[in-house]
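Residues per chain, in single letters:
There are 4 protein chains.
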Amino acid sequence: MDRLKKMFDTHPAPASGAGDTALAGVTAAVECSLVCTTCADACLSEGADMAECVRLNLDCAEICGAVARMLARPGHQDRETLDRLLAACIRACRACAEECERHAESMEHCRICAESCRRCAEACEEMEGALVA
Amino acid sequence: MDRLKKMFDTHPAPASGAGDTALAGVTAAVECSLVCTTCADACLSEGADMAECVRLNLDCAEICGAVARMLARPGHQDRETLDRLLAACIRACRACAEECERHAESMEHCRICAESCRRCAEACEEMEGALVA
Amino acid sequence: MDRLKKMFDTHPAPASGAGDTALAGVTAAVECSLVCTTCADACLSEGADMAECVRLNLDCAEICGAVARMLARPGHQDRETLDRLLAACIRACRACAEECERHAESMEHCRICAESCRRCAEACEEMEGALVA
Amino acid sequence: MDRLKKMFDTHPAPASGAGDTALAGVTAAVECSLVCTTCADACLSEGADMAECVRLNLDCAEICGAVARMLARPGHQDRETLDRLLAACIRACRACAEECERHAESMEHCRICAESCRRCAEACEEMEGALVA
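Residue numbers (this note's numbering), protein chains in the order written: chain A, 24 to 156; chain B, 24 to 156; chain C, 24 to 156; chain D, 24 to 156.
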């Protein structure tokens, strides 16, 4: 994501001073979005019934992707919309992490996915803090 | 969206009884998502500086799209995640509608887009109500 | 999708005269995208192993969504990019339809989904024809 | 993207041996998708008329995003669909790179974006090669 950092640095009119926090947020969100996409796919190859895990993975992938794309537009922030979207993302990440943690001992992909969800929830909380400041 | 209605009717295990409200929600959200996409594109062809409107259109398109896809998975609902995502969508729709209404007299596409955003916000509120019930 | 039609009619500078065909394309693609999303979710609730069907549904939902959003920007068309994306969509729709048809007798959601995929492939072919003209 | 690499390594049933190439493809595609999203936003803050550049950025962001998500599901590959989607992505990346290069001297964000698009086109070509092999 080196080029994305440079993009943020050269943006002609960023709306806030939250650039570094936003960059950390995009990075965590986009990783989590893809990790959840892969986890859903991996779960489909397990013999066990992983329907609930697949669904939470898909929700989380969806919302993390939306967060990443919204944070990747630093020229404007409707703070209230972003706040609410971050709140949705934090919840989706935690719900997915909890479900994945139930399978973490037997399925390494779920263990890593839970880790990625926890990291993304943290990054969203840091972003919330930066918006308040 | 006749086929989507049939899909909802034949789903083997919907998570809630909110089927018709959810279907109305998907329909309003997906229309709003595409209308906002077209409005952003139309705004780019106007001579005036429409940057703010384009940005709110893109945010709204993004979040409405996420709502539509999440509601299109009736087999499961993490109610809290959905609630928060609907709250983000309602706010994004209203912010976009307000901006579009400022241009509605001179730009017909903004007038229609504002209408679509107001309708989507309503449908999301009805969905919120159905979740509480 | 009445409002989307009005958006197309009031766009200040559409790039081509393919407006009605493009509108039919968006409509078919967005329906197929959501129908495939619901079919994947429904398949997860079936007892049988539907992993292959879920995967083809997710691919098809993804590409149909991209087609819908690209066609919803009538102000510009890089014809070659659009042509190639339509080709990918036609293939994804057919692959998904074939798999869904295998389950159509026992699962009504797969029967409807196959129908939606066939319709979307047709609409993409009509759009390809309109681009050549 | 360290966690995504681990996800690929622990997937129970990858469809092909193209894991490392696919991982490089996801990484390049997702970076390009976000860089194009930021470039569109930055272009909206420039005084000049950048409508064409914004549109090509949005197309490229869209298609690169679809490629990233499809490659992030290693459990299955409909080779023909993937091939066609990669072809669309290569074209979208090149069209966007060409437009951005026209502004590269005066706008650093366009210079970096063009670089990201060229890298993504290369990664897609490498992926095409890995599919043939």
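These are computed hints drawn from the structure, not numbers from a lab.
Keep in mind that a hint or two might mislead.
What the hints assert, rightly or not - Listed below are the simulated DSS-like cross-link pairs for lysine-lysine, each with C-alpha atoms no more than 30 Å apart in a straight line:
| id | chain 1 | residue 1 | chain 2 | residue 2 |
| --- | --- | --- | --- | --- |
| 1 | B | K28 | C | K29 |
| 2 | C | K29 | B | K29 |
| 3 | C | K28 | B | K29 |
| 4 | A | K28 | D | K29 |
| 5 | B | K28 | C | K28 |
| 6 | D | K29 | A | K29 |
| 7 | D | K28 | A | K28 |
| 8 | D | K28 | A | K29 |
Said to hold, decoys possible - A few chain B residues that don't get close to chain A, going by computed Cβ distances all over 12 Å:
| id | residue |
| --- | --- |
| 9 | A71 |
| 10 | T104 |
| 11 | E138 |
| 12 | E149 |
We treat Cβ as the ideally placed atom computed from N, Cα and C, and that holds for glycine.
Right, here's what the structure says about each hint:
1. B/K28 with C/K29: holds (24 Å)
2. C/K29 with B/K29: Distance of about 27 Å is within 30 Å: holds.
3. C/K28 with B/K29: The hint holds at about 24 Å.
4. A/K28 with D/K29: Within the cut-off at roughly 24 Å; holds.
5. B/K28 with C/K28: holds (21 Å)
6. D/K29 with A/K29: Within the cut-off at roughly 27 Å; holds.
7. D/K28 with A/K28: Within the cut-off at roughly 21 Å; holds.
8. D/K28 with A/K29: Answer holds: D/K28 to A/K29 is near 24 Å, not above 30 Å.
9. A71: Non-interface label stands for B/A71: nearest chain A Cβ at 17 Å, farther than 12 Å.
10. T104: violated (5 Å)
11. E138: holds (19 Å)
12. E149: Its Cβ never comes within 12 Å of chain A, the nearest being 18 Å, so this holds.
When the structure is compared with the earlier hints, a violation turns up for hint 10 alone.
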